[in-house]
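Given only the sequences and the hints, what does the whole structure look like? Please build it.
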Amino acid sequence: MFGSKKSPLKVAKPSSVESWTNPFDSNDEGMDTKKYSSSRKTSSERALTTLGVNTNPFDDGTDANKKSSSTLYGFQSANWNKYKNDFRDSGGLENQSVQELESYAVYKAEETTNSVTNCLKIAENIREEATQTLVTLHQQGEQITRSHHVAADIDHDLTRGEKLLGSLGGLFSKTWKPKKTRAITGPVIVGDDPVRRKGNHLEQREKLGLTSAPKGQSKLRSPPQEPTNAFEKVEVEKNKQDDALSDLSDLLGELKGMAVDMGSEIERHNKALNHLYDDVDELNFRVIGANQRGRRLLGK
Amino acid sequence: MADQLSKGEEFEKKAEKKLSGWGLFGSKYEDAADLFDKAANCFKLAKSWDKAGATYLKLASCHLKLESKHEAAQAHVDAAHSYKKTNINESVSCLDQAVNLFCDIGRLSMAARYLKEIAELYEGEQNIEQALVYYEKSADFFQNEEVTTSANQCKQKVAQFAAQLEQYQKSIEIYEEIARQSLNNNLLKYGVKGHLLNAGICQLCKGDVIAVTNALERYQELDPTFSGTREYRFLADIAAAIDEEDVAKFTDVVKEFDSMTPLDSWKTTLLLRVKEKLKAKELEEDDLT
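Chains A and B, in that order, are what the protein sequence lines are.
The first sequence begins at 1 in UniProt numbering and counts up one residue at a time.
The second sequence begins at 1 in UniProt numbering and counts up one residue at a time.
Since the hints were derived computationally from the structure, they do not count as laboratory data.
Bear in mind that the values here come from a model prediction, so they are computed numbers and not experimental data.
Positions of the beta carbon are idealized from the N, C-alpha and C atoms, including for glycine.
Watch out, some of these pointers could steer you wrong.
Cut-off 20 Å, straight-line C-alpha distance, at most; resulting in silico cross-link-like pairs (EDC-like, lysine to aspartate or glutamate) [unchecked claim]: (1) B:K267 x A:E124; (2) B:K206 x B:E145; (3) B:K137 x B:E177; (4) B:K255 x A:E124; (5) B:K255 x A:D157; (6) B:K281 x B:E166; (7) B:K58 x B:E90; (8) B:K47 x B:D37; (9) B:K206 x B:D237; (10) B:K13 x B:D50; (11) B:K267 x B:D208; (12) A:K121 x B:D246; (13) A:K177 x A:D157; (14) B:K267 x A:D157; (15) A:K108 x A:D243; (16) B:K255 x A:E128; (17) B:K267 x A:E129; (18) A:K240 x B:D237; (19) A:K238 x B:E256; (20) A:K121 x B:E125; (21) B:K170 x B:E125; (22) A:K240 x B:E256; (23) A:K121 x B:D252; (24) A:K240 x B:D252; (25) B:K275 x B:D243.
Taking beta-carbon pairs under 10 Å as the criterion, some of the chain A residues facing chain B (in silico) [as the list claims (entries may be wrong)]: (26) V135; (27) Q139; (28) D250; (29) M258.
Listed below are several chain B residues computed to face chain A (Cβ distance under 7 Å; list not exhaustive) [to be verified]: (30) Q4; (31) S6; (32) Y190; (33) I210; (34) M260.
The structure is reproduced here in structure tokens:
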């Protein structure tokens, strides 16, 4: 919806892969591959980049002239290639000027920030999906319980039917009693059943000081001043990474909780389905018996 | 195809003949019903949906004569499904009759299911007002039958459409109620912040910054973990931007949030409304100065 988003997985490639070069490749071949890869852009991408199309409905076009963070730090695409292969083409890390190395440090810091942000995006997507899965599991649990209630109702009706079938025989016929192997139990709530456990658990956690509420507030701090030198830029990136990693940590903790809840709910479903299976099996046995009795009565 | 059509017409003629003739103890209605059913199936195979629908309605009237309300209701449903391909209004009318019959025989869960289907038909036709009415009825029926997840799904639809129709208070109440219910359930508690975010966006649409701030405090009391979430920060930052009447800040906050979790079309629509109001306010201020 908002601009042409690429898959977060494709954005930040690990530097180890990028930096590896084939020792048997000649330089001009390497140039060729770069040429091809750049022309491999889709027509829509090319159009967007050349026209500078703005697809975000919340953009006023006011910041169209703003430079991206990478251009703010004075990176040209030519330099990027240098950084990507760790200055292999220009004499290695040892032969670079201090300024060049500072720029390289900023580039690497930015790259790391992007990677962490992409991880966070992926984790957010997983969380969204997991939330939906949990809702579906809850619905499934309800359906199992409802099905079991229906089985119990069928048992009730079948009992009445069996009584009628028993009283339908002739005057001298032997009284018929339905065979029952076990009683129909109906839906059983298994074990502790944490899902339906009510209580002010969250308030108790808050009183204990276990909630993550204060941490969130820290992120509402005023934005830092525009960094001037490379060291400050790296520090800014580090702070961004810290924030993102903190969020990622929280998200992963939540995902763990979700996975545990999914597991325990599925276990509950399995037990509930076992009970349901036993009851339906018993009902089936009794229906067969009732049918036999009915056929015998009709045959007389 | 034509073969099935002629077969269907033949069955229909036979059924009509049965109905106009004599029969013992209502057996003519049973025979006619059987023939109408066969005719309707043939029309369906011939893809003659209108004829199939009309035949199912005749079948329903036969079942009603035989006092079989359940079968009559099911025939109305079949008629609705046939008409769905060609005539939505007729389809809705048939489902409505089916719902009434299911209510008569106490099959409320079936009634709820078909009320939801009517709502979905209206939604498909972009008739939001009617969709809202029927989703509301459906939610009510599901709630009575204690099918809470289905009830909540319908309620969420009601809230969504209510917000689109600028009935923000109604929408807020529904989202807050769902959030409150979800907190008590280990499986649903993870969706709470999503519901509170939706409620918060509706609060923003009302344009009262104080109400938004109060709501955020209330949500914090409701769910102590909410204040640490990106959703809370998003709502708080937007409220601040509205308070400062800063459109640029508003845009930045929305863009930042969207970069992490893309906003769906519903949220986008509502946030654009908020932005338009904010722009209008800003222009007003400029005019005054």
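Structure-based check of all given hints:
1. A hinted pair counts as satisfied when its Cα atoms are at most 20 Å apart, and K267 (chain B) with E124 (chain A) qualifies at roughly 17 Å.
2. Note on K206 (chain B) and E145 (chain B): the hinted pairing is violated, with a Cα-Cα distance of about 34 Å set against a maximum of 20 Å.
3. A threshold of 20 Å between alpha carbons decides the hint, and for K137 (chain B) with E177 (chain B) the separation of about 17 Å falls inside it, so the pair holds.
4. As the CA atoms of K255 (chain B) and E124 (chain A) are separated by approximately 16 Å, the hinted pair is consistent with the 20 Å bound.
5. With a CA separation close to 61 Å, the supplied pair K255 (chain B) and D157 (chain A) exceeds the 20 Å bound.
6. Taking the CA atoms of K281 (chain B) and E166 (chain B), the gap is about 19 Å. The hint holds against a cut of 20 Å.
7. For the suggested pair K58 (chain B) and E90 (chain B), the alpha carbons sit about 14 Å apart, so the restraint of at most 20 Å is met.
8. Distance check on the hinted pair: K47 (chain B) and D37 (chain B) sit about 15 Å apart at the alpha-carbon level, within 20 Å; holds.
9. Distance check on the hinted pair: K206 (chain B) and D237 (chain B) sit about 16 Å apart at the alpha-carbon level, within 20 Å; holds.
10. Taking the CA atoms of K13 (chain B) and D50 (chain B), the gap is near 17 Å; set against the 20 Å cutoff, the hint holds.
11. Proximity of K267 (chain B) to D208 (chain B) is assessed by CA-CA distance (about 18 Å); at most 20 Å being required, the pair is judged to hold.
12. With a CA separation close to 27 Å, the supplied pair K121 (chain A) and D246 (chain B) exceeds the 20 Å bound.
13. At most 20 Å may separate the alpha-carbon atoms for a hinted pair to count; K177 (chain A) and D157 (chain A) meet this at roughly 16 Å.
14. Taking the CA atoms of K267 (chain B) and D157 (chain A), the gap is about 50 Å. The hint is violated against a cut of 20 Å.
15. This hinted pair checks out: K108 (chain A) and D243 (chain A) have alpha carbons roughly 17 Å apart, not beyond 20 Å.
16. About 19 Å separates the Cα atoms of K255 (chain B) and E128 (chain A), which keeps this hinted pair within 20 Å; it holds.
17. Distance restraint check for K267 (chain B) and E129 (chain A): the Cα-Cα separation of roughly 18 Å lies within the 20 Å cut-off, and the hinted pair is therefore satisfied.
18. Proximity of K240 (chain A) to D237 (chain B) is assessed by CA-CA distance (about 18 Å); at most 20 Å being required, the pair is judged to hold.
19. The straight-line distance between the Cα atoms of K238 (chain A) and E256 (chain B) is roughly 19 Å, inside the 20 Å bound, and the hint therefore holds.
20. For the given pair, K121 (chain A) sits about 35 Å from E125 (chain B) by alpha-carbon distance, which is inconsistent with the 20 Å threshold.
21. For the hint pairing K170 (chain B) with E125 (chain B), the CA-to-CA distance comes to about 23 Å; that exceeds 20 Å, so the pair is violated.
22. Between K240 (chain A) and E256 (chain B) the CA atoms are separated by roughly 13 Å; this keeps the pair inside 20 Å, and the hint holds.
23. The straight-line distance between the Cα atoms of K121 (chain A) and D252 (chain B) is roughly 18 Å, inside the 20 Å bound, and the hint therefore holds.
24. In summary, the hint linking K240 (chain A) to D252 (chain B) is supported, as the alpha carbons are separated by about 17 Å, within the 20 Å threshold.
25. A C-alpha spacing of about 12 Å is found between K275 (chain B) and D243 (chain B), which places the hinted pair at or below 20 Å, so the restraint holds.
26. The interface hint given for V135 (chain A) holds, since its Cβ lies 6 Å from the closest Cβ of chain B, which is under the 10 Å cut-off.
27. At a threshold of 10 Å, the smallest CB-CB gap from Q139 (chain A) to chain B is about 4 Å, leaving the interface hint in force.
28. This hint holds: D250 (chain A) has a C-beta 7 Å from the nearest C-beta of chain B, less than the 10 Å allowed.
29. The beta carbon of M258 (chain A) is positioned within 10 Å of a beta carbon in chain B (closest approach about 6 Å), and the interface hint is therefore held.
30. The interface hint given for Q4 (chain B) is broken, as the beta carbon of that residue sits about 36 Å from the closest beta carbon of chain A, more than 7 Å.
31. For S6 (chain B), the interface hint is violated, the least distance from its beta-carbon to any beta-carbon of chain A being 40 Å, above 7 Å.
32. Hint on Y190 (chain B) holds. Least Cβ distance to chain A is approximately 5 Å, under the 7 Å limit.
33. Restraint check, I210 (chain B) versus chain A: the minimum CB separation of about 19 Å is more than 7 Å; hint violated.
34. Hint status for M260 (chain B) relative to chain A: holds, with the closest Cβ pair at about 6 Å, below 7 Å.
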